[in-house]
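Peer 1: This is what each chain is made of:
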Amino acid sequence: MTSPLATILGSLAGTPRTLPELSRSLGSSPQALEGMLQTLYAGGYVQEAVQNQGDCSCSGCSLKSMCRNFGDETPEFHLLRLTERGEKYLNRIAPQPVP
Amino acid sequence: MTASPPPSPRLPTAPRVDEVACAATVARLRAHREPRVLVVGNPNTGKSTLINAVAGTHLKVGNWSGVTVEKREAHLKRGEQTIHLLDLPGAYSLSPHTPEELITRTALLDEAPDVLLNVVDAGNLERNLYLTLQLLEFRVPLTIALNLVDEARNKGLEVDAGALSAQLGVPVVETVGVKSLGTAGLLDATLSGAQVGAVLRYPDAIEAAAAELEGRMVNLSTLPPHAHRYLALSLLEGDPSLRGRLSATGHTDLLDAADAHRAALELAGLDPLIEIAEARYARAGEIARLAVPQAELKLTLTEKLDKLALHPWLGIPIFLALVLTVFRLTFTVAAPFVDLIGGPLQDVASGWAAGLLGWAPLLKDIVVGAIIPGVGTVLSFLPTLLVLYLAMSFLEDSGYMARAAFLADRSMRGLGLDGRAFIPLILGFGCNVPAVYATRTLERKSDRVLVSMILPFMSCSARLPVYVIFSAALFPHAGAWIVWSMYVLGMAVAFAFAWVLRKTSLPAEGSGVLLELPPYRFPAWKVMWTHAARRTASFAKRARTTVLATVAVVWVLLSIPAVSGQAFGEVAPAQSLFGRVSQAISPVFAPLGFGNWQATGALVPGFIAKEVVVGTLGQIYLGEEAKRAAPLGFAQGVEQTALATWNAVKTSVQALPTLIALPSFGADSSAEQKTPLAAALARAFTPAAGLAYLVFVLLYTPCVATIGAMQAEHGRRVAWLTVAYEMGIAWVAGLIVYQIARHFL
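Chains W and E, in that order, give the protein sequences. The numbering used here puts the first sequence at residues 1 to 99. The numbering used here puts the second sequence at residues 1 to 745.
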């Protein structure tokens with residue numbers, strides 16, 4: 001039995017990624033990953049890599065389809081990175097320095 | 001097809017709750033005369049459609065409004081028995097993240113269900129099974145409706161319902177709710193065949209903690225027995241909404257016990273939240289792989305289109321062809337309206353102004369001789385820009401521009417940049433100013449400076465009016481090609497200069513990153529229109545601010561006599577201060593073929609904003625004649641406007657079929673009809689000189705606003721260095737183009 005959540009956390013270690021990028025690198029469907037990210041997000045293991053500014057809104061931007069920080073299908077997920085808790089968890093299960 | 005679990009299934013995980021108590025609960029619930037079936041599933045799995053198909057014409061729906069969602073109940077007569085089907089809001093999990101999930105979880109705890117009907121999307125099995133595994137924690141009989149099997153098959157997914165049933169220990173019925181397929185046997189399978197199923201087993205330490213908590217719950221009559229295991233696991237996960245509910249109902253001892261277990265588990269190196277979720281996701285993935293053994297996904301439309309759009313050899317030609325099509329569309333549809341505004345409407349406006357302002361000659365001079373030909377000429381290109389922006393929005397919102405960035409990625413990597421650097425460059429097609437600020441998205445400073453320095457070579461929309469008016473004047477049958485070649489030349493010069501900068505002063509610092517490609521989709525008309533209208537309005541705003549102010553200054557300079565004996569406002573343009581200064585500069589451009597003072601003079605205010613070049617040309621060439629405009633009556637003006645507008649609409653519509661013709665040099669509409677300014681330019685420039693002028697306008701100095709943005713982002717040195725080398729490159733390029741073109745044109 002594999003550990004999909006740990007695999008996602010490992011994939012985010014040191015490298016913020018979007019849902020489609022995670023999907024490509026892990027070979028899993030975005031739909032399958034979405035629920036896992038939701039769990040990790042709610043548990044405080046991952047967070048937004050870029051905080052959206054008050055005056056910067058994707059909705060009015062015509063280039064959003066090309067932007068790495070725009071979550072098209074899943075607006076709740078943009079560019080994600082590990083939280084301190086996520087890093088600690090990852091170090092605990094596979095002790096190695098997280099960049 | 002209905003699949004039932006084997007009689008003596010070798011379930012991968014053994015139930016470990018008190019099965020006797022569960023069985024008693026189930027028996028008690030089943031003895032009810034009116035069974036309650038809770039229909040649960042992920043959002044968009046077709047639950048409601050399935051209920052309608054099952055309930056048929058006997059459906060009687062009752063509504064209970066929620067805060068943002070609702071749960072709906074259908075009553076169904078089956079013989080003498082009334083069955084209640086409760087349609088719950090879609091939920092991805094029972095660890096509630098949304099109001100919908102909270103309502104669903106609350107119903108599962110409070111509605112005393114007899115049976116659960118779990119609707120699962122066959123095309124998205126792994127995602128759906130997480131909820132299924134959580135539902136199995138409730139010790140209530142469950143049946144799975146494997147819905148949307150037709151859509152799954154269209155994607156090449158064939159789910160083995162038997163294998164799924166064996167893994168979960170519950171019946172699985174294949175259905176297509178929208179076609180009522182499989183729905184006939186669904187109710188029987190749900191009411192008669194549903195089984196409690198196999199629960200998932202977690203790491204031993206977690207199982208021990210859960211069992212201890214379940215033991216405490218046996219004595220708490222306020223907690224539903226069918227939910228003990230689910231509640232125990234949720235408490236170990238630290239589910240905040242459940243903690244709030246139990247705290248409010250006085251279960252503090254239970255919460256304290258759960259906290260103690262959590263602390264002990266964490267001390268032992270186990271994170272209960274992640275361990276429990278990890279086990280469910282892993283099991284869901286395992287079951288999905290077993291139930292969908294040979295998933296051969298068919299190519300989606302996006303993948304098929306990308307085979308062409310991203311083809312190593314065809315990708316770039318397709319991109320260039322699309323850009324050419326955009327300009328052909330711009331010329332075909334917009335040109336008649338440009339002619340309308342730049343010709344008849346301007347004449348009518350001049351006539352009306354002449355009539356109204358006859359009492360104030362100086363005011364009449366500035367309005368009729370400067371503002372209308374200057375600002376009016378710039379505004380006449382609004383239709384061109386609107387069509388261009390609509391086409392650009394289509395390419396951007398459809399997902400194609402991301403492909404263009406991907407194609408550019410190969411060239412970009414040669415420059416030590418990644419495809420994301422193409423985004424500011426594409427923004428530069430609209431306006432260079434936001435494009436400079438967009439370089440902030442690039443990670444490395446050297447990349448930001450490099451892209452900013454090549455950005456002004458990307459042809460912004462302010463330069464389009466210059467191309468359009470010169471194309472109409474000098475290349476009436478090849479306008480789209482001329483404009484297209486300006487854009488391509490701008491990109492080529494930008495990439496070439498970037499290569500030079502990389503080799504000399506801004507070396508690459510590292511490799512790029514992956515680009516993501518969104519799926520293709522047909523953009524919403526409203527969104528496209530909003531984008532295009534906002535950009536066009538921004539252009540119009542500049543016309544009534546920057547352009548108007550510049551036109552006024554040029555008018556003053558054109559009105560100041562440079563020779564003695566002439567009064568302000570009565571001097572010929574060539575004898576004015578503006579004319580004399582322009583004459584002094586013009587020899588510099590003689591080798592480029594446009595050494596006349598009018599052409600040179602128009603370039604100077606272009607430093608403020610590029611569209612002012614056209615406005616100034618309008619002032620210089622049309623101002624004198626416009627001043628002599630005869631007053632026009634209101635009715636006469638309205639009649640002329642209506643007639644000219646109707647002609648423009650007719651010409652535009654008649655020219656549309658030429659769009660589907662192969663690109664040719666004869667496809668442009670109204671090629672032989674020239675606006676007064678186009679006619680004046682045709683007399684003043686040779687084709688070779690006109691082409692050199694366009695190349696110079698394309699490449700010479702960025703506008704003041706762009707220089708300001710560059711200064712703010714990268715400092716004064718970078719900004720003024722950019723101005724200097726762009727002037728040099730523009731002059732050399734204009735010289736080369738003229739010296740070559742004059743032999744052929």
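It cannot be assumed that every hint is accurate.
[What the hints assert, rightly or not] Pairwise CB distance ranges (calculated):
no., chain 1, residue 1, chain 2, residue 2, range
1, W, ARG92, E, THR106, 32 to 38 Å
2, E, GLY244, W, ILE93, 40 to 46 Å
3, W, ARG92, E, TYR437, 38 to 44 Å
4, W, ILE93, E, GLU286, 16 to 22 Å
5, W, ILE93, E, SER247, 49 to 55 Å
6, W, ILE93, E, THR249, 16 to 22 Å
7, W, ILE93, E, ALA533, 49 to 55 Å
8, E, ALA492, W, ARG92, 26 to 32 Å
9, W, ARG92, E, ARG289, 39 to 45 Å
10, W, GLY44, E, THR302, 33 to 39 Å
11, W, ARG85, E, SER180, 14 to 20 Å
12, E, GLU34, W, ARG85, 23 to 29 Å
[Unchecked claim] Covered by chain W, according to a simulated footprint, are these stretches of chain E (three or more residues, beta-carbon under 8 Å):
no., stretch
13, 91-97
14, 120-129
In short, the hints are calculated from the structure, not lab data. Backbone N, C-alpha and C define an ideal beta-carbon position, used for all residues, glycine too.
Peer 1: Each of the hints needs a verdict: does it hold here or not?
Peer 2: So, going through the hints one by one against the coordinates:
no.: 1; hint: ARG92(W) - THR106(E): 32 to 38 Å; verdict: holds (35 Å)
no.: 2; hint: GLY244(E) - ILE93(W): 40 to 46 Å; verdict: violated (30 Å)
no.: 3; hint: ARG92(W) - TYR437(E): 38 to 44 Å; verdict: holds (42 Å)
no.: 4; hint: ILE93(W) - GLU286(E): 16 to 22 Å; verdict: holds (20 Å)
no.: 5; hint: ILE93(W) - SER247(E): 49 to 55 Å; verdict: violated (32 Å)
no.: 6; hint: ILE93(W) - THR249(E): 16 to 22 Å; verdict: violated (36 Å)
no.: 7; hint: ILE93(W) - ALA533(E): 49 to 55 Å; verdict: holds (53 Å)
no.: 8; hint: ALA492(E) - ARG92(W): 26 to 32 Å; verdict: violated (54 Å)
no.: 9; hint: ARG92(W) - ARG289(E): 39 to 45 Å; verdict: violated (28 Å)
no.: 10; hint: GLY44(W) - THR302(E): 33 to 39 Å; verdict: holds (34 Å)
no.: 11; hint: ARG85(W) - SER180(E): 14 to 20 Å; verdict: violated (49 Å)
no.: 12; hint: GLU34(E) - ARG85(W): 23 to 29 Å; verdict: violated (48 Å)
no.: 13; hint: 91-97; verdict: holds (count 4)
no.: 14; hint: 120-129; verdict: holds (count 3)
When held up to the earlier numbered hints, the structure conflicts with 2, 5, 6, 8, 9, 11, 12 and fits the remainder.
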